[in-house]
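Protein chains in written order, with my numbering: chain A, 1 to 105; chain B, 1 to 720; chain C, 1 to 250.
These are calculated hints, taken from the structure and not from any lab test.
Note that the coordinates shown come from a computational prediction; the quantities given were computed from them, not determined experimentally.
Glycine is no exception: its CB is placed at the ideal position from the N, C-alpha and C atoms.
It is possible that part of the hints are untrue.
If you want a taste of the chain B side facing chain C, the calculated C-beta under 7 Å gives, among others [stated by the list, open to error]: (1) I696; (2) I699; (3) A700; (4) V706; (5) I707; (6) I710.
Per the computed footprint, the stretches of chain C lying under chain B, defined by three or more beta-carbons under 8 Å from a beta-carbon of chain B, are [as the list claims (entries may be wrong)]: (7) 153 to 159; (8) 166 to 172.
Far from chain A by the CB rule (all over 10 Å, computed), these chain B residues [claimed, not checked]: (9) P266; (10) Y637; (11) R662.
Take a look at the letters that make up each chain.
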Amino acid sequence: MQPFDSPVLYNYLALGAALFAIGLVGFLARRNMIIMFLSTEVMFQGIAINLIAFSRYHLNADGQSFVIFLLTIAAAEASLALGLVVMLFRRRQTLNVDAWSDMQG
Amino acid sequence: MLAYLTNLSSNQGPSILLMAALIPIFPLAAAAIIGLLGARVLKNSSHVLAIAGIGASFILALSLAWMFYTGELPFHPGVILDKNTNFFEGTIYHWMSIGTFTADYGVYLDPLSSLFLLFVTGISLLIFIYSSGYMKGDYGYFRFFAYMSFFVFSMTTLVLANNFLLLYLGWEGVGLASYLLVGYYYPKPSARDAATKAFMVNRIGDTCFIIAIFIIYITFHTMRFSEIFYGNFLASNHFHTEHPTALMWIPLLLMFGAFAKSAQFPLHVWLPDAMEGPTPVSALIHAATMVTAGVYLIARCMPLFINEPAVLHLVGIIGCFTAFMAATIGMCQYDLKRIFAYSTVSQLGYMFMGLGVAAGSAAVFHVFTHAFFKALLFLSAGSVMHAMGGELDIRKMSGLRKKMPITTVCILTGCLALAGFPGFSGFFSKDEIISAAMNSSWSWGPLLSVIGIITALITAYYTFRVFFRVFMGDLALPPTAGQHEPSAFTLPEESHGEAHAEDHAGDKYSSHADEPDQLDGEPAMWVPLILLAIGATFVGYVGVFGGTDNEGLLQSFLSRVLSLNGPQPYLLSPAGLPMPAAPHELVSPALMMSLGALVSIAGILVAAYFHWINRHAATIVGASLRPIATFLENKWYFDELYDYTLVRPLRMLGHILSIMDRLVVDFLVFVIAFFPQFIGHSLKPTESGRLRYYGIGMIAGVVIIVIGVIYLLHGPTPTP
Amino acid sequence: MDYVLLLASAFGAISLYLVMPRGRESLVKLGSLIGILTLGASGIYLFRWAVENALPAGSGNPGVFFYIFGAIALVSAVAVISHPRPIYSALYFVLLTLSTAGLFLMLQAEFIAVVLVIIYAGAILVTYVFVIMLASPAGAAPAADYDRISADPLVAILVSFTFLGTIIQAIFYGDAETNPNPFFNTNATTPPPASYGDMQHLGLSLYSQYAVPLELAGVLLTISLIGTVIIARKNEPAVHMLGSGDVPSE
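From just these sequences and the hints, can you work out the full model?
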C-alpha cells in the first residue's frame with residue numbers, strides 16, 4: 001500500500017468542497033464567458049475528487065463510473081458551451097457576459 | 001353509423017325503429033352538410049340537398065302513418081310493442097346515464113306522433129320547394145336551408161321523443177331554429193329585436209317546462225312517456241294521495257311551457273314580431289308546425305291533465321280568451337303578415353280551447369287542417385310580398401287578382417278554410433272544437449263555445465277584409481311592385497349578382513317591361529301553393545268521413561290515444577277523482593255545424609260590403625269607432641303594458657345595479673388587481689437579466705436549504 | 001479549536017477577495033500572502049488532526065502527498081479564476097487537472113487519473129485554448145476590461161464560502177451517528193483487494209450495472225457533437241442582423 005496516502009476521507013471531501021466553492025466564486029464573479037465555463041470545470045474537479053474518494057471508501061467502482069459519466073458530460077458541455085460562446089462572440093464582438101442582459105424586467 | 005343503423009333493422013327489411021330513427025337523421029345530415037359546404041361548394045344549389053333530406057323523411061313518415069293506420073306492425077326483437085295501447089317504443093341509443101337517471105334517444109310512436117310527423121314533414125317539403133324559388137338570390141341562401149333542415153330535425157325529434165328530456169331537446173332545438181330564422185336578416189335592427197324577443201319570451205316557458213320535467217322526475221323517477229302515462233302511477237289511488245302538489249304543478253308548468261311556444265296569452269307577444277323572418281319561415285315555423293308543439297305537448301300529456309281538471313279548464317279559458325283577443329287585433333291591422341300572425345295566435349287559441357274541454361282529437365284535427373291552410377295563406381302572402389317588392393301594407397294594394405291569378409285562387413281557398421266556409425277544411429275542425437265545448441260536461445263549456453262562435457265571425461270578417469282589400473276592387477300597385485325585395489344584406493357578392501341576373505331572365509317580368517302583367521312568380525313557388533290549396537280544401541273530410549262509429553277517419557285514428565272513451569289505461573281513473581264524463585248532447589252537432597256555416601258566411605258578407613263593394617263606408621264606420629280601433633291597432637296595448645310593468649322596472653334595477661357594480665365591485669376588483677401589480681413592480685429590479693445574480697440567488701437558496709436541513713435534522717449544536 | 005476550519009474558510013474568503021482581479025497589484029500580493037498562510041495553517045491543522053486525534057492506532061502513515069497535491073490544486077484553482085488573462089487561466093487549469101490526477105493516483109484510481117489527464121488536459125483544454133484564441137478581441141495587448149475587473153466579487157465570495165462553511169460544518173462537525181467513519185476501511189495495514197481500481201473492475205461496473213447510462217452518454221456525445229456543429233456554423237443572416245439596430249451597443 002502506498003505509504004504516502006492519507007487514509008482520511010474527510011480531507012478529500014473538504015478539498016472537493018473547497019474546489020467547488022472556488023469554482024463557484026469564479027463562475028459568479030468573472031465576466032468573461034470562457035472563464036465562467038472554465039470555473040464550472042473547476043467545480044467538476046471538486047466533485048470528481050468527492051466521487052473518487054467515496055469510491056475508495058466503499059471499495060466499489062460506482063464512484064469511478066460516475067466520474068466517467070462526469071467526464072462525458074464535461075466534454076459535451078464544453079463543446080456546446082464553447083460553440084455558443086463563439087456564436088455569441090460573433091454577434092457582439094465581446095466575451096462580456098453582461099452584454100447579454102436583454103431579458104431584464 | 002351505417003352498421004349501427006343496420007343493427008336497428010330486423011331481418012325482414014327496414015323496421016319501424018330504423019325508419020323512425022332515420023326521419024330526424026336525414027334533415028340533420030342535410031343541415032350539417034349544407035352548413036359545412038354551403039358557403040363554398042353548394043351555394044345556390046343548397047336547396048337540392050335540403051329538399052332531398054326532407055323528402056326522404058316525408059316518405060318514411062308516410063309509411064309509418066300508413067302502418068299505424070292499417071295496424072300492421074312488423075315484429076321486431078328488442079322493441080316494446082304494446083298491442084293494447086297501440087304505441088310503439090324503441091331505443092336508438094343511450095343518451096346519458098347518471099346514477100339511476102337514464103335518458104335514451106328513443107322513439108315513441110303512436111297515432112298522434114305519426115300524424116304530427118306526417119304533416120310536419122309534408123308541409124316542410126312543400127315549403128322547402130317554395131323557398132327554393134322565394135329565396136333565390138338571397139345572400140346566405142345556404143344558411144337558410146341549413147337552418148330550416150335543422151328545424152325539421154328538431155321538430156321531428158320533439159315529436160318522436162319517448163321521454164321528456166328528449167322532447168325538451170327538440171323543444172329547445174326548434175326554439176333555436178326559430179331564433180336563428182327570425183333573425184335571418186340580421187343587419188335589420190327590427191329582425192334582431194324580434195329574434196331576441198321571441199327567444200326571451202320562450203325562455204319563460206322553457207323555464208317552466210324544465211321545472212316541470214324536474215318535478216316529473218322527482219315524482220315518477222322516470223322520464224319515459226310509456227311508464228308515466230301507462231305505468232301504474234296514475235292508475236293507483238295511493239299515488240294520487242301521495243303526490244297531490246306535484247300532480248297539480250306538473251300540468252300547470254307544462255301548460256306555461258306550451259303557452260310560450262304556442263303564443264298564448266300572456267306570452268303571445270313574440271309571434272307577430274317573429275314575422276320579421278323570411279315568409280317561408282313564418283309559414284313553416286310560426287304558423288304550421290313549431291307553434292303547434294305546445295298543442296302536441298298538452299295532447300301528449302293529456303293523462304296528466306285529465307286528472308287535474310282545474311288546470312285543463314285554465315287551458316281552455318286562456319285558449320278561448322286568446323282566440324278572441326287575437327281575432328279582434330287581427331281586425332285592425334294593416335300588415336298582411338301580421339294579420340295572419342294574429343290569426344295564427346287566434347287559431348292556436350281554438351286548439352287550446354279544444355284541449356281544455358278534453359276534446360284532444362278535435363284540437364289535433366284543427367292543428368292538422370290549420371297547418372295546411374295557414375301555410376297556404378303565408379306562402380300566398382309571401383308571393384304577394386315577392387311581387388310587390390317587399391310591401392305588405394294592405395292599404396297600398398288592391399285588385400291583385402288581375403296580376404296574380406294563381407295566387408288569388410290559392411289565397412281564396414286559404415281564406416275560405418280559415419273563415420270556416422262550409423266544405424272547406426277549417427270549417428270542420430273549428431266546428432268540431434266549438435261543438436265539443438258546447439257539449440262538454442264542464443259548466444263553462446257553452447260559454448266558451450259562444451265566444452268561439454263570435455270569434456269565428458270576427459275571423460271570417462278579418463280574413464276576407466284582407467282578401468277583398470288586396471285582391472278585389474280596382475287595380476292599385478305600390479310603387480315597389482315588380483322589383484325585388486330590397487335585400488337586408490348590402491354585402492356585394494358575385495353569386496348574388498349572378499342569381500339576380502338569372503332571376504330576371506327567367507321571370508316573366510323582366511326589368512325592361514314597364515307594366516308587369518303576371519306576378520305569380522316561378523313554378524317552384526306556385527306549384528306548392530296549388531298543392532296546399534288542394535290540401536286546405538279537402539283535408540277536412542278526413543275528420544268527417546271514413547271512420548268507424550260515425551266518426552271521421554282522423555278521429556278513429558286518434559281515438560286510441562286521445563278519445564275520452566277509448567281503451568287507454570289512464571282513463572281508468574281512481575275513484576273519487578272528478579273525471580270528465582262522456583260528452584252529452586246539449587246542442588246537436590248538426591245544429592252547431594249550421595250555426596258555424598251561418599256565422600262564417602255572415603262575416604264574409606260584412607267584409608265584402610265594407611271592403612269590396614263600399615270601401616268608403618268602412619272609413620266612416622272606422623272613424624266612428626275610433627277609440628276601439630286605436631285600442632285594437634295597438635294590440636290591446638300589451639307591448640306597452642309589458643314595457644311599463646316589466647321592462648322599465650327591470651331596466652331601472654339594471655341601472656342601479658350597474659352603479660353598484662361600478663362603485664363597489666369595480667373598486668374591489670381594482671384593489672385586488674393593484675396588489676399583484678405593486679408586488680410585480682417592486683420585484684422588477686431583481687430581474688436584472690444578468691446571469692450572475694440569478695446564479696447567486698440560486699446558490700443562496702441552496703445554502704439556506706442545506707443549513708435548514710442540517711439544523712432541522714441534527715439540532716443546532718454540532719457534535720464534533 | 002473546533003472551528004479552526006471555519007476560521008480558515010473565512011480567511012480563505014478574505015484572501016480570495018483580495019486576489020480577485022480588481023486592477024490593483026498590491027492587493028493581489030497581500031491576498032496571496034494571506035491565502036498561502038491560511039492554506040499552510042489549515043493543512044498543518046488537518047495533518048495534526050489526522051495524526052493525533054483521529055487516526056486509529058496502527059493505521060500507518062498519515063501521508064504527505066495529499067497535502068502537497070491538495071495545496072497545488074487549491075492554488076491553481078484560485079489562479080484559474082483570478083488571473084486576468086484567460087490563456088493563463090487555461091494553463092493553470094492544466095495544473096489543477098494534473099494535481100487532481102495525482103490525488104486520484106493516491107486513491108488508487110489509476111485509470112481515472114490517466115483518463116482525466118488525457119481528456120481534460122488533452123482534449124477539453126485544447127478546445128478552450130482554441131476558443132480563447134479565436135474569440136479574443138483583435139490586437140488586445142492589454143487584457144480586456146471585463147477580464148481585469150471582476151463583478152461583485154464580495155457577494156459571490158460571501159455566498160460561495162457560506163456554502164463551503166456549511167459543507168465543512170456538515171463534514172467535520174456533524175452528528176457522529178449520521179456521518180460516516182472519517183477513515184478509509186482499508187489502509188496500509190489492511191490493503192484493499194488487488195482487484196480494486198483496475199480497469200476490469202471498472203469495466204464490469206460500466207458495462208453491467210451502468211450499461212444503459214453508458215449508451216445514453218454515447219448518444220449525448222453524438223447529439224452535442226451535432227449541436228456544436230450547427231451552433232458554431234457561420235450563420236451569415238445572423239451576422240447580418242447585427243446591423244438591424246435594436247441590439248444594445250456594448
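Of the hints given before, which are not true for this structure?
Failing hints: none at all.
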